[in-house]
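Peer 1: Protein sequence lines correspond, in order, to chains D and V. Per the numbering used here, the very first residue in the first sequence carries number 11; after that it's consecutive. Per the numbering used here, the very first residue in the second sequence carries number 11; after that it's consecutive.
Accuracy of the hints is not assured; some may be wrong.
It does not matter which identical chain is used: a pair holds within one copy or between any two.
[Said to hold, decoys possible] Computed list of lysine-lysine pairs in DSBU-like fashion (alpha-carbon distance at most 30 angstroms, straight line):
1) Lys271 x Lys48
2) Lys252 x Lys272
3) Lys15 x Lys69
4) Lys101 x Lys81
5) Lys69 x Lys25
What the hints contain is simulated information worked out from the structure, not anything from laboratory work. Because the structure is a prediction, the values reported are computed rather than measured.
There are 2 protein chains.
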Amino acid sequence: MPDNKRSERLVAMTKILLDHPATLLPLGHFTQTLGAAKSTVSEDLAYLREVFASMGLGKIETFPGVAGGVKYLPLRSPEGILSVVEELCVKLRSPQRILPGGFLYMTDIIFSPQWAALLGEAFASLFQERSPEVVITMETKGIPLALMTARALGLPLVTIRHESRVTEGPAVSVTYLSGSNRRIGSMSLPRRALPTGARVIIIDDFMRAGGTVRGMLDLLAEFQAQVVGTGILVEMVQPPEKVVQDYLSLVLLEEVDEAHKKVVVRPNPRLERRG
Amino acid sequence: MPDNKRSERLVAMTKILLDHPATLLPLGHFTQTLGAAKSTVSEDLAYLREVFASMGLGKIETFPGVAGGVKYLPLRSPEGILSVVEELCVKLRSPQRILPGGFLYMTDIIFSPQWAALLGEAFASLFQERSPEVVITMETKGIPLALMTARALGLPLVTIRHESRVTEGPAVSVTYLSGSNRRIGSMSLPRRALPTGARVIIIDDFMRAGGTVRGMLDLLAEFQAQVVGTGILVEMVQPPEKVVQDYLSLVLLEEVDEAHKKVVVRPNPRLERRG
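So that you can see chain D by itself, here it is in the shape it has in the complex (with noise of 0.2 angstroms):
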């Protein structure tokens, strides 16, 4: 086999980038870990960028001079997340996923890690562009998206919670009106959880009426953040008015059909115009 250093270099140098993704790493990183010298990583790298380009595993981005280095963005073409979320409406039309009361069954979904990968790299293609600084989310079940969309983004995850606790310092609380239950509910950060200022993301896993992340936004307003994007896995159709504008769903939801054992969903039609 001709040429073995270089390609257990481009296996390990591959290995790295996928562990750090949108992580600036420098070349320095590299020809330490590698033994290699610096000319080498950088024909290597040149290489790695071809490859991820032309086969489509995602964008290696290499920026010069002495602050520089290389960063990998596991970034997913409009088509590829377009197949992702159709394969999520065939697994969510399971008649075995209705509830008594006509609710829809998607904890397993929510919680499977291999799925908040996927979709999680989904939302950070649609939104990095935008330049977030924050991924934010409300606890429980936004957490495992929202973490996955950070993770890919390289940026931390800040968890709004339902109580402050005397664990987390002081913090800052808001009262918001659940469109779900028609219930008041509260939300609560610690003021050290998020600097003022920030550029944020809202991911979330469902949204009715959108009053959960209404309330978000009155929360992140104490914070000066400025909300760049809203992400939702699942929409409800019914109500057709929100309380938010300015938020994209991946998956509609538009009746759960107790009666007849039928899940009507579609993916956005929002997402086909992308791109």
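Please arrange chain V on chain D, whose structure you already have, making use of the hints.
Peer 2: Just chain V now, with coordinates in the frame of chain D:
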């Protein structure tokens, strides 16, 4: 550059393997995606297995036969685990983490995708030999770590919640005595979330007296689950008597000295005795 086709395949195969940790991928997955012959793919995988082993990138296992394939396990050596935990201790010792009341602020680390991934791979390495089938955690702060542990083990994550929801169907609930605040709490798991008799590992972020894990064990007994391991990120040394046995923590928290601005933490010496 010699044999570029082979280099391309090796890079793409590395990407596919890393994107599906602990998942059995049939050889056909690679022959189709890469348009390569089965013998070529087999040869490449044998080479990758060697490179991964010799460079400490994790373990590649191949399984022969019709139902066979290849599996990538992101396993870390005992030294690798210890060095991650030592780095974490350095971070935890920062006096700025001390909150009024002598609490230690860890939320940023808990919700950091990068730390969750590193620590999840550590727990996966420590528990994979016990052949768990499901990873279990308790909302909220256990989720990122447990999700990443589940990802590294190729397993589903099941999250116990404080209250049951109508949207998740029939549920089993237990009450428990929280050791931290001497309060009675409740925890609940939907019937359909966990098959009867599953082999599970419990992953949580923090343990004081162990009341929460004790409650989880009681709840899991209702599902006839076999708990084959319990992993805790940070364990308080006080009180020395815990209400559970058979758990493994990564970090021991001895003291948060508010007056002298000192945090006393260290890697669990049990980690050093392994391997």
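Peer 1: Give a verdict on every hint.
Peer 2: How the hints compare with the structure:
Proximity of Lys271 to Lys48 under the C-alpha cut-off of 30 angstroms is found in neither arrangement, the shortest distances being 62 angstroms within a copy and 43 angstroms between copies. Taking the closest pair of Cα atoms, Lys252 and Lys272 come within 30 angstroms of each other only inside a single copy of the chain (25 angstroms); across copies the shortest separation is 49 angstroms, beyond that limit. Taking CA atoms no more than 30 angstroms apart as the test, Lys15 paired with Lys69 passes in both settings, with 24 angstroms inside one copy and 20 angstroms between copies. Proximity of Lys101 and Lys81 under a CA criterion of 30 angstroms is satisfied inter-copy only: 24 angstroms between copies versus 34 angstroms inside one chain copy.
For the identical chains of this complex, Lys69 and Lys25 are neighbours both inside a copy (14 angstroms) and across copies (13 angstroms), given an alpha-carbon limit of 30 angstroms.
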